[in-house]
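Residue numbers (my numbering), protein chains in the order written: chain A, 776 to 1225; chain B, 381 to 785; chain C, 858 to 1095.
Hints are not guaranteed to be accurate.
[Said to hold, decoys possible] Simulated restraints on C-beta separations: (1) B:Tyr741 <-> A:Leu1192: 28 to 34 Å; (2) A:Val1204 <-> B:Ala732: 24 to 30 Å; (3) A:Lys919 <-> B:Glu628: 37 to 43 Å; (4) B:Asp514 <-> A:Asp923: 51 to 57 Å; (5) A:Asp1016 <-> B:Pro430: 38 to 44 Å; (6) A:Pro972 <-> B:Tyr741: 25 to 31 Å; (7) A:Val1200 <-> C:Ser913: 34 to 40 Å.
In short, the hints are calculated from the structure, not lab data. Ideal Cβ placement from N, Cα and C applies to all residues, glycine included.
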Amino acid sequence: MIGYYFRLAFASFRRTPGLGILMILAVGIGIGVCVVTLTFHHAMSGNPIWWKSDQLYAVTLDNWDPMEPADPSRPSLPPDQVTYRDAEFIYHSDVPKHAAIMYRSFGIVSGDGVSGPLKPAPATTRITTGTFFPMFDVPFEYGKGWNDKADFAPEPVMVISHELNRKLFGGINSVGRTIRWNDTPFRIVGVLAEWEPQPKFYDMNSGDFDSAEDLYIPWKWGEVLEVGSDGSSSCWKIDEDFSTLAAFARSECVWIQAWVELPNFIARARMQSVLDNYTGNEHEHGRFLRPRNNRLTDVDQWLKDQKVVPTDNRVLFGLSFVFLAVCLINTVGLLLAKFLNAAPISGLRRALGASRRELFRQHMVEVSTIAGAGALLGLGIGALGLAGVRALYMMTATTPRPSGIASIAHMDISSYLIAVTLAVVATVVCGLYPAWRVGRLQPASYLKNQ
Amino acid sequence: MNVPFRPIISSLLRNRAGAMLVAVQVAITLAVLVNAVYIVKHRVDLVSRPTGIDDENIFVVGVTGFTKQFNYTAMLDEDIRWLASVPGVIAVTAANSVPVSGSGSSDIVKPTPDAKGGHQSLVNYYQLNEQGADALGLRILAGRWFKREEVQTPLPTLYSPYTGPIVVIKRYADRLFPNGDALGKVIYGSSNQPLTIVGIADNMLGYRPTGEEPAEVMYMPLLPSGPSTRYLVRAKPGMRDQLMRKVEAEMAARNDMRAVSYVRTLSLYKARNHMKDRNMAIYLVVVTALLLAITSLGIFALATFNVTSRTKQVGTRRAVGARRRDVVAHFLVENWIITTAGVLAGCVLALAAGHLLALEYELPRVDLYYIIGGVLVMWLIGVAAAWHPSRRASRISPALATRTV
Amino acid sequence: MLEMHNISKIFRADLIETHALRDFSLTVNAGEFVAVTGPSGSGKTTFLNVAGLLESFDTGKYLLDGSDVSDLNDDQRSRLRNEKIGFIFQGFNLIPDLDIYDNVDVPLRYRRMSAKERNERITSALDLVGLSSRTKHMPSQLSGGQQQRAAIARALAGDPKFLLADEPTGNLDSLMARQVLDLLEQINEMGTTIIMVTHDIELARRAQRNVHVVDGQISDFKSYETRAPESFATTGSR
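Bound conformation, chain A alone (with noise of 0.2 Å):
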């Protein structure tokens, strides 16, 4: 029977095919727009770390000023970054798993003159503590990233990004390479795979859509080389000594994204009462004059402190909502135009032992063709709709390779189908009503003089 109603779909779609055209249209327009916006809004509010995110937390410790809060918009949130110092402290802690503690730096990289000139060229670096690996998980491709020991007496090595390696060596196994950061010759120890967190989650200081850095060093080198932040650095406290980095790593100027990984509840109230703790000596000596609030954020509620998704985009996903929803208004309008139009036939068939039951699923067939073509022409103009946006994005790219935001434009294969699943339904679950209504007809009024 279903392979019946199929056939009279195809024939009721040739009877009036400009009808159908539209129906298939407005379904398909409304499926793309949706498919666009509900990509954009998945990828930004996505948790790129979600399998682990339950045991990540940025420590927060809120060492502002006693007279104001660090945002004036959210006084209950401490600063969302710490100071070098506490940052020290929180690393040496035991209570975690893991502890990182990490700032964003930049550098130049330069050929070590043995493996051949190389072209000095600006390389974004992470100054960070070794346990930024294993404790994002992060993929490697070749070798590994460096041990504790490397960190406080800094060790001359550094891991590079897939892409760097690509830039520099070709892609091929750079490991065990030489080459200079502003002007010190580092040993590559390990190359990742290709990896970009996005929402960057760790550090939204550049940018929350920011690219991954391009290389990676140890802890001390900062202090060392001397290499200061080149994120965000926000300072309170006047008449600070700031002349060296060592001085300023001293000040109560925070620009340390501290994590730390507690795999339990038990580690992270021990965790807690290690901050308090510290914190409430800090206070004995004059610091941390605001009330204590001491924060262990989990990556969930972090992404939402920071306000990853703007606001625009929440307007945006809600626009996409009410556009599917005319163009479903818009679909059952004409699904009701073409049954009522049909509605003698209907009333034959009726008539020749069509019970209201077999109209309606008769009906339904046609309504799920239709929402099935514009659910196909819908992937279409989706697809063109993210090459769209991502060209948008492009214009004003520095780098030909899509980075940050023009990344995750692309086909999210979940959300996609996600955004389609939906408009289907909505399309078959709006057909009810028009599928119903022919069944409720008269049949005898549509029988004589046709």
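Here the structure of chain A is known, so what remains is to put chains B and C in place on it, guided by the hints.
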């Protein structure tokens, strides 16, 4: 023209569902249209605000020293001299940040050392040299720009306080000293260091040109801290791209202790900073246009359905003496009633949506002109979409009335 | 076979075309060919719609083939319509975008028959009406008489006990009308009960029995014994 309203309404009531669906579409479309236009207008205004500097002709050269023998101040001196000597370059300055790029530095500045609260202001500052005003294309309205000998060597760190002469923009000068006697006055930075106003420049946007309120801006004669910095180079009109190619090709080789990280137009920074607003505007325009198209298709389809399902009735009307234009009017009026019902509901919806958006964006609420405009547009679209089916109805032959099949 | 007792049907005011039945009683025996006549608006179409289970009625009792249909739900009524009743309309009511074969197929589809059985029935029905060479034609490609014959084939394909015909020759010229009527008589002779609504007295004369409806009631009984008595006897004996 004889338009019988009562029969129209009674026939409308007969196909209630279809008419209601179209009215709902019209209502939603109107609400979206009004608010989208309002947001787009606001974004376009933000994006098209004049920057106050000659942004079209400026390009930015980023450099970083990286060797141990590297001498930062010597590099600044040498690079600026060379860049300024390139034919077609008007002026060159080193700068602590790129104007209108979305990132920059600011300090809390106070009229007196102990001023609190509202008397303090967050001021976006630029560290420029004696060519700075020319390099930006900044007009000096009163006083003077800095002399060469006033330009100080780099501060030890990013956070070391600067003290000395400054130039402020007019907007800030007027706010600080409403009597217009800002010249020669001393104000104070966050470390209470004195800053003497020696000149007043024309207004320019702060580093975040998308911000609601343009920030206050001041300039200091100071070489920015190294070892990386950027030069702002202003080219003669029409020569920017050509000069950029020359700089890109020749500059790196002049000093192998520093790398030239990039050579970019200031327009790129501006565009990148405007990207979000521009993309939002484009997205809204596209979606709203599609929405209008879908809705007019809906109106068109309903009108077509009404005409085809009443072919015989129209034939009868014609047979009893209705003129073609009476038939056209009949269907147009019927359609107008539907559209208007939608428009009325849409006004309420538009206000409600506007209220929600106002909360999200902290914008003033949609004003009435947008709603009036939206209503007119929807009426127009309604008539346009129903025009063709109504014309078709008017061509139905009166002979149809007598035919049985 | 068909028994209506005191059927009445009252229409809502805004349906103008059809009138109510008042205390309508009629019995049609198996194998009869009954013509229902009456002026416009007399209720004869309403009678046909009620008889064909297209419309419900308000009061009274209706036995179709021995079973009471008053309390049946839509599925049961549809099933009865599909299996026991064949319709023939003035406007033929062929589905324009299906070919003749598929048109005849329509009622069989709702009976969940195997493809083979459907094919057999369609072929023999079209054979009977003399359209076996036109199976792939679209309705618009046929003359009015051919279309009505196709419609009759469709009505017969399901092997109904009743044929309900509503002005079956109303849209046909006299030659074609005669052919169609001959066909109906032939079908009747093969045992199918036929109830035909018409306002054409000449046509009605060819039926075994005439029922005249005025104002929703049967006014009197007239029986035109115009047909050969032996054929009457034949059908009567069934």
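Hint by hint, where does the structure go against what was stated? Just the numbers, ascending.
Failing hints: none at all.
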